[in-house]
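Residue numbers (the UniProt record's numbering), protein chains in the order written: chain A, 1 to 346; chain B, 1 to 346.
A few of these clues could be false.
It does not matter which identical chain is meant; a pair holds if it fits inside one copy or across any two.
[As the list claims (entries may be wrong)] Cross-link-like lysine to any residue pairs, in silico, SDA-like; alpha carbons within 20 Å at most:
(1) Lys77 <-> His133
(2) Lys77 <-> Ser132
(3) Lys53 <-> Arg151
(4) Lys77 <-> Pro67
(5) Lys45 <-> Ser132
(6) Lys45 <-> Glu58
(7) Lys45 <-> Gly154
(8) Lys45 <-> Ile342
(9) Lys45 <-> Asp129
(10) Lys143 <-> Ala203
(11) Lys143 <-> Thr119
Note that these hints are calculated values from the structure, not bench results.
Nothing here was measured: the structure is a model prediction, and the numbers come from that model.
There are 2 protein chains.
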Amino acid sequence: MRGDDQQRETRAGRADGTRRRATIHDVAQLAGVSRQTVSRAVNDKGEIDPATKERVLEAARRLDYRPSRFARGLVRKGGVTTGLVIPDLMNPFFPEVAAGVLEAAEQRGWQVVVWDSRTDPAREGEALDMLSHQADAVVGYFKNGDDVLARHLGGVPLVVLERGPQQTRFAAVGIDVAAGMERGVAHLVASGHRAIGLLDGDAESPGPRRLAFEDATRRHGLPVDASWTVLCPEHSVTGGEAGMARLLAERPEVTAVVGFNDLIAVGAIRAARRAGRRVPDDLAVVGFDGLSLGELVEPALTTLHIDKRRLGRLAVEQVARLRSGEDPLTGPDAWVVPELVIRASA
Amino acid sequence: MRGDDQQRETRAGRADGTRRRATIHDVAQLAGVSRQTVSRAVNDKGEIDPATKERVLEAARRLDYRPSRFARGLVRKGGVTTGLVIPDLMNPFFPEVAAGVLEAAEQRGWQVVVWDSRTDPAREGEALDMLSHQADAVVGYFKNGDDVLARHLGGVPLVVLERGPQQTRFAAVGIDVAAGMERGVAHLVASGHRAIGLLDGDAESPGPRRLAFEDATRRHGLPVDASWTVLCPEHSVTGGEAGMARLLAERPEVTAVVGFNDLIAVGAIRAARRAGRRVPDDLAVVGFDGLSLGELVEPALTTLHIDKRRLGRLAVEQVARLRSGEDPLTGPDAWVVPELVIRASA
DNA sequence: TTGTAGGCGTTATCAT
DNA sequence: ATGATAACGCCTACAA
Numbered sequence: 001m002r003g004d005d006q007q008r009e010t011r012a013g014r015a016d017g018t019r020r021r022a023t024i025h026d027v028a029q030l031a032g033v034s035r036q037t038v039s040r041a042v043n044d045k046g047e048i049d050p051a052t053k054e055r056v057l058e059a060a061r062r063l064d065y066r067p068s069r070f071a072r073g074l075v076r077k078g079g080v081t082t083g084l085v086i087p088d089l090m091n092p093f094f095p096e097v098a099a100g101v102l103e104a105a106e107q108r109g110w111q112v113v114v115w116d117s118r119t120d121p122a123r124e125g126e127a128l129d130m131l132s133h134q135a136d137a138v139v140g141y142f143k144n145g146d147d148v149l150a151r152h153l154g155g156v157p158l159v160v161l162e163r164g165p166q167q168t169r170f171a172a173v174g175i176d177v178a179a180g181m182e183r184g185v186a187h188l189v190a191s192g193h194r195a196i197g198l199l200d201g202d203a204e205s206p207g208p209r210r211l212a213f214e215d216a217t218r219r220h221g222l223p224v225d226a227s228w229t230v231l232c233p234e235h236s237v238t239g240g241e242a243g244m245a246r247l248l249a250e251r252p253e254v255t256a257v258v259g260f261n262d263l264i265a266v267g268a269i270r271a272a273r274r275a276g277r278r279v280p281d282d283l284a285v286v287g288f289d290g291l292s293l294g295e296l297v298e299p300a301l302t303t304l305h306i307d308k309r310r311l312g313r314l315a316v317e318q319v320a321r322l323r324s325g326e327d328p329l330t331g332p333d334a335w336v337v338p339e340l341v342i343r344a345s346a
Numbered sequence: 001m002r003g004d005d006q007q008r009e010t011r012a013g014r015a016d017g018t019r020r021r022a023t024i025h026d027v028a029q030l031a032g033v034s035r036q037t038v039s040r041a042v043n044d045k046g047e048i049d050p051a052t053k054e055r056v057l058e059a060a061r062r063l064d065y066r067p068s069r070f071a072r073g074l075v076r077k078g079g080v081t082t083g084l085v086i087p088d089l090m091n092p093f094f095p096e097v098a099a100g101v102l103e104a105a106e107q108r109g110w111q112v113v114v115w116d117s118r119t120d121p122a123r124e125g126e127a128l129d130m131l132s133h134q135a136d137a138v139v140g141y142f143k144n145g146d147d148v149l150a151r152h153l154g155g156v157p158l159v160v161l162e163r164g165p166q167q168t169r170f171a172a173v174g175i176d177v178a179a180g181m182e183r184g185v186a187h188l189v190a191s192g193h194r195a196i197g198l199l200d201g202d203a204e205s206p207g208p209r210r211l212a213f214e215d216a217t218r219r220h221g222l223p224v225d226a227s228w229t230v231l232c233p234e235h236s237v238t239g240g241e242a243g244m245a246r247l248l249a250e251r252p253e254v255t256a257v258v259g260f261n262d263l264i265a266v267g268a269i270r271a272a273r274r275a276g277r278r279v280p281d282d283l284a285v286v287g288f289d290g291l292s293l294g295e296l297v298e299p300a301l302t303t304l305h306i307d308k309r310r311l312g313r314l315a316v317e318q319v320a321r322l323r324s325g326e327d328p329l330t331g332p333d334a335w336v337v338p339e340l341v342i343r344a345s346a
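When you get a sec, could you build the whole thing from the sequences and use the hints?
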């Protein structure tokens, strides 16, 4: 034992019981070789005597040695990590987007660290504070405005999901809500409906769905009136039930509704039936998502199907462009267009 | 410009177009201060002239400087990262477990990097290869045996989900399948059923569900026979439909089934109805999961509800114990016991 | 208020 | 086959 080794903490532990993680130095010492030799053994490079290699590995095992990913990343230009911020893992929509992100990230050899913001602006900020330090880029859904996001981002590239390119200064991947809504409303109108309601979910006064809905209904010559829209703050089946009940109370003459998402639409079906209306005969319901859950309920849900995996993959592609200095995709290339899937509910 | 600076690559870029990321050194140079001063400005410590600070931050902005998480982690004993390996993000069971993991991890200030193995043993291996380098611990679902896992793990602590403590040498968080199955079978028997089938999902010959099922049926004096079990390799609604069809063909006298999970059980309901049987009158169906989806189908699914979030939280707790040198929880403390939730399907 | 020196744990390069 | 030395980018002392 040499002098400077006594100054080091001993591997055995320290006062508080937590023991320092073994370093390459400790292993080298125990095996009686240089750090370089340990490195060679651990990363099994050639140029090392099988005997010493075994001795080193044994020492490493005894000390439970694992290379520090930080030190390694420092010298070996570590891999890419991207952050993913999801508002609600319980809504089947988001796991599917996440699957797309994971898939695309994996193909590039990137890692993805996930945060669930639970649709809480404050938690969004915390997530970004964390991720801006640990990730090379972030993609996700956010309620906060651009300025707030930028503040928490500290320069880390961001790709926002589900916001029109006009509505943000960040790179974005969006849904063509207008096109989707038009398809949905057109289908209802073609089925003879003239009294169509919207179960919206956007808190900020007229959100994209609402605007698109009113455009579409106007275009089809229907009366446009705020009372045809009710807000469902909770984007869930329960939220949809509550919303539908309110709409039924305010606009008993309604014969069709489109939901902010499939969960809300399913809630609408349930509330309508509970109120004694048959679906689709007395009330037609159209969802907006294309969850596979929609095929399971009764009647099966007609919906504007969104390719959620593609959404996720596109987001990763945007990140890649950002990183390589290319311009991010914009316009139709960065949108996903909902497809009308007609089932029994409308 | 001094000599050794000319040797450095210039910040502007290099031959291949990719430009080197700016370091603290570059910023210091551009701002005409020492690296230490840059550090102070960036981490806004006090002890710095507001004017210089602004100058430094401006330089940092111009160079798009962001501190290297590796260098920083090296010196500041970086945060904990745990890996999470999920077999199938499309099965609503797993996002909920993931939510529990994320929740618990966040409370400890840990990050979670997620991999989707798609139930593919080969991909499991790749995920572990990656994670063993980048994560401080791993939790997840695995098909591979302990030995294979250990090989890919390189000493990184592992917590396996949904495996009995006896079946693995790793720390585990399990489901008390025996208790759950007993409750399910008891309920069916109490309802008068004597011809009960199992739609299993475990490929390895008699998996836990199967064993527990046969124990329970035997205990209740029913005939135990392999022909009452059919395998559903695909843990999905489709898989359940196929399995139920086969069981109906082989054992037409069946009056009740319990599914490997809720998705399979829902498939069973659909297949049974398609075959002209009423549920629950002609065929009672019990699921095993407690997905919220089960409340939405018709008839609503009776199921053995598992607290999935708790599963995830427990897994993180196990990781914490592993890291602190404590013994991991074992026995009932590391299990989640399914609760029978009776709805219309049985 | 600012700068200098040293070390964090690892790998690459060049000797030996 | 092995070892010495110098990075990697940042931060915490300590000195000026």
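20 Å Cα cut-off: does Lys143 pair with Ala203 within a copy, between copies, both or neither? within (10 Å within a copy, 44 Å between copies)
Homo-oligomer pair classification [Thr119, Lys143; C-alpha up to 20 Å]: Close inside one copy (7 Å), not across copies (34 Å); limit 20 Å.
Alpha-carbon proximity context of Lys77 and Pro67, limit 20 Å: both (15 Å within a copy, 14 Å between copies)
Between Lys53 and Arg151, at a C-alpha cutoff of 20 Å, which is it: within one copy, between copies, both, or neither? between (50 Å within a copy, 18 Å between copies)
Have a look at Lys77 and His133 and pick one of within, between, both or neither, based on CA distance no larger than 20 Å. both (16 Å within a copy, 14 Å between copies)
Quick one: Lys45 to Asp129, C-alpha cut-off 20 Å, is that within a copy, between copies, both, or neither? between (39 Å within a copy, 17 Å between copies)
Give the relationship of Lys45 and Glu58 under a CA distance limit of 20 Å: within one copy only, between copies only, both, or neither. within (17 Å within a copy, 44 Å between copies)
Under a CA distance limit of 20 Å, which applies to Lys77 and Ser132: within one copy, between copies, both, or neither? both (18 Å within a copy, 17 Å between copies)
Homo-oligomer pair classification [Ile342, Lys45; C-alpha up to 20 Å]: neither (59 Å within a copy, 60 Å between copies)
Copy assignment of Lys45 with Gly154, given that the CA separation must stay at most 20 Å: So Lys45 and Gly154 pass the 20 Å test across copies only (16 Å; inside, 39 Å).
Have a look at Lys45 and Ser132 and pick one of within, between, both or neither, based on CA distance no larger than 20 Å. Classified as between; 19 Å across copies, 35 Å inside a copy.
The structure does not agree with numbered hint 8 stated previously, though it agrees with all others.
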